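Peer 1: Model the full structure from these sequences, guided by the hints.
Read off the chains here:
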Amino acid sequence: MDDMERVNEQGLTRRELLKRGALTGAGLVVAPGALGYAVPRAAAAAEKSVTLTFVSFGGAYQVAQTKAWLDPYMKSHPNIKIVQDQPVDYSKIKAQSQAHNVTWDVVDVGNDFGLERNKDILLPIDTKVVKNAHKALPGVINSPYRVADIIYGVVMAYRTDKMPPGRVPRGWHDFFDTNTFPGKRGLWKFVSGGLLEFALVADGVHPHKLYPLDVNRAFNKLDTIKKAIVWWDTGAQSAQLLADGEVTIGHSWNGRIFDIQKQGAKVKIQWNQAFQTQDFLVVPKGTKHTKEAMKLIDYMTSCAHSAALSRFIAYAPPYRCAISRADPTKKKDLPTTYNKKALFFNDRWWDKNFSKVDKKFQNWLQS
Amino acid sequence: MAGAVAVRRSRTGLRRGGLSVNRWALLVLPGVLFLLAFFGYPLLQMAIKSFNDPSPANYKIFVDSPVYARTLETTFKTAFIVTAACVLLGYPYAYVMSRAGLRAAAVLGFLVLLPFWLSLLVRTYAWTVWLQDTGVINTVLQDIGITNHPLGLIRNTLGVTIGMTHILLPFMVLPIYAVMRRIDPELTPAAASLGAPPFAAFRKVFLPLSLPGVCAGALLVFVLSLGFYITPALLGSPQNAMISELIVNQVSEQLQFGVGAAIAMVLLGLTLIVLFVGTRFVRFGAVTGELDE
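From first to last, the protein sequence lines stand for chains A and B. All residue numbers for the first sequence refer to our numbering, where the first residue is 1 and numbers rise by one. All residue numbers for the second sequence refer to our numbering, where the first residue is 1001 and numbers rise by one.
Check each hint, because a few of them may be wrong.
Claimed, not checked - Simulated coverage check for chain B against chain A, where a stretch passes if three residues somewhere in it have a Cβ under 8 Å from a Cβ of chain A:
1) 1065-1073
2) 1192-1199
3) 1236-1243
Note that these hints are calculated values from the structure, not bench results. Just so it is clear, the structure is predicted and the values come from calculations on it, not from any experiment. The beta carbon of each residue, even a glycine, is placed where N, CA and C say it ideally should be.
Peer 2: Now the structure itself:
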């Protein structure tokens, strides 16, 4: 509840509500000068000291990013100081860039950001510096403006104690079958968050031939469970609904479920037909620290360091050369372990169609 | 007779305020400048944006999609319901407060102000803990066998009304209390001594005198309700979405700042109309005149 309050103090926006990390964990801002590094004057003078601002979704996720990447990076690059902000809000990137007053240098964004639609407000990634930019795993949609930093699972999770005897939901078809699996269903109230894809898979569309989405068919399928849907706006809510038993099956993100499982919730993930998606790093157009920002991104996405995050949270590295370095103790919790069962979103289709389909969604929600 | 007393009183109150205006007018300057710089100017910018980012066609969204007009309607309907609920709860509360001893009034006032000290999001979240299907109320009701299915207390208009009323109640209680305290406590006994039964004395004497407070509180609550976002989002269903949710959708998800600004301008315009009509019925002097005494 503390963290919810903090979010409120910062002025609540939709984005803050939307993302998985925004509502948990400790305060994060690394105070300038908090890391008392001792650098000989001569060496410090040789490389100008630069303060970078890193922005992410907060919570356990940003804590993990700090421990896995930012702290070690500052240690090995004494001239770089990284301060942090949270949570990410795309409208702030746009506002900063348009006002030519950019204070965010490296921003962690979801799969719905950083393609053609946003090219006016982002810098192209310097692929000479960011060496893995073209080496992401299959299914990862990098663009000239973004590079993936994590893979996570968009999953269905269910209450093990509220399933009919001897049965568990095996895929999205069962998510929509409220007769066999009674109870309410948690879904993210965000049109490109997965709900249309879930509906189409449940309705029998071949999971690898989802796009272009048959939007009307998806809404018709969603109509069949509309009364059973409990909408959520934040990742914290998605997990809380399951932990409380408000829903018996819910759409969530694997890191969130991992969290409540650790706290003892009787909740399990069905990895079959889980969607695999990514977060990405972007650099707002207008930053004064392009070179340093690209170098930091290169570090976070490198073969050597990309997997370090998995030691702190159940998210996987998006690069083949890093997969083998992922934390072996989290193997069963990492989305990449279930690659063969995984489905993928088509971020490019969404990039072109988001606005139109979202209008339909807003209308459908209220009808 | 009683009405005349009150009117005369509030008039003197106003006149007294009016006389001193010239001398103290300068004191208002910092506040005015602050508002102009940090509210007026951004508001103007937003108004401009609604027409030129990219074009006045931003306003066409109300024609293109039925969602926006419908959501405006929901917004006003919700504001009306919440205002009514606040009057029903706030009026008796303020009455007791105004008739209680000083210490009791202080305690009641403290209780009504208490929610101000908690963040809105925390209070709203706390309500979900009480109202949801597996929440405190439904669990207790099912445990003692009053119902075997959870009652629908959340994700509907009831949930929204409960949450918003809780947050806005102080804005109703305080203006009503301010007016009630200034009503001469001898008036009702006087009416009774002339043969009025208690209810008639209340209805014909006390109630009309207290109405300015009710109107002021209702106007405050109504206007504040129009801008609510987080409470209806958490305690209501998509059918209860307020217009602010669609503004956020345009700004943060669609990144259409101009369209968001256009919706906001329409909301502002409608709110100003409510204020304009409302202030014809509300003598704010009757509320703020309290300070002169």
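Peer 1: Now, for every hint given, state plainly whether the structure supports it.
Peer 2: Checked hints:
With 5 residues having a beta carbon nearer than 8 Å to a beta carbon of chain A, the region 1065-1073 of chain B meets the requirement of three or more and the stated coverage holds. A count of 0 residues in the region 1192-1199 of chain B with a Cβ less than 8 Å from any Cβ of chain A is obtained; the coverage claim is therefore unmet, three being the minimum. Chain A is given as covering the region 1236-1243 of chain B, and this holds because 4 residues of the stretch bring a CB closer than 8 Å to a CB of that chain, at least three being needed.
Hint compliance for this structure: hint 2 is the single one not met.
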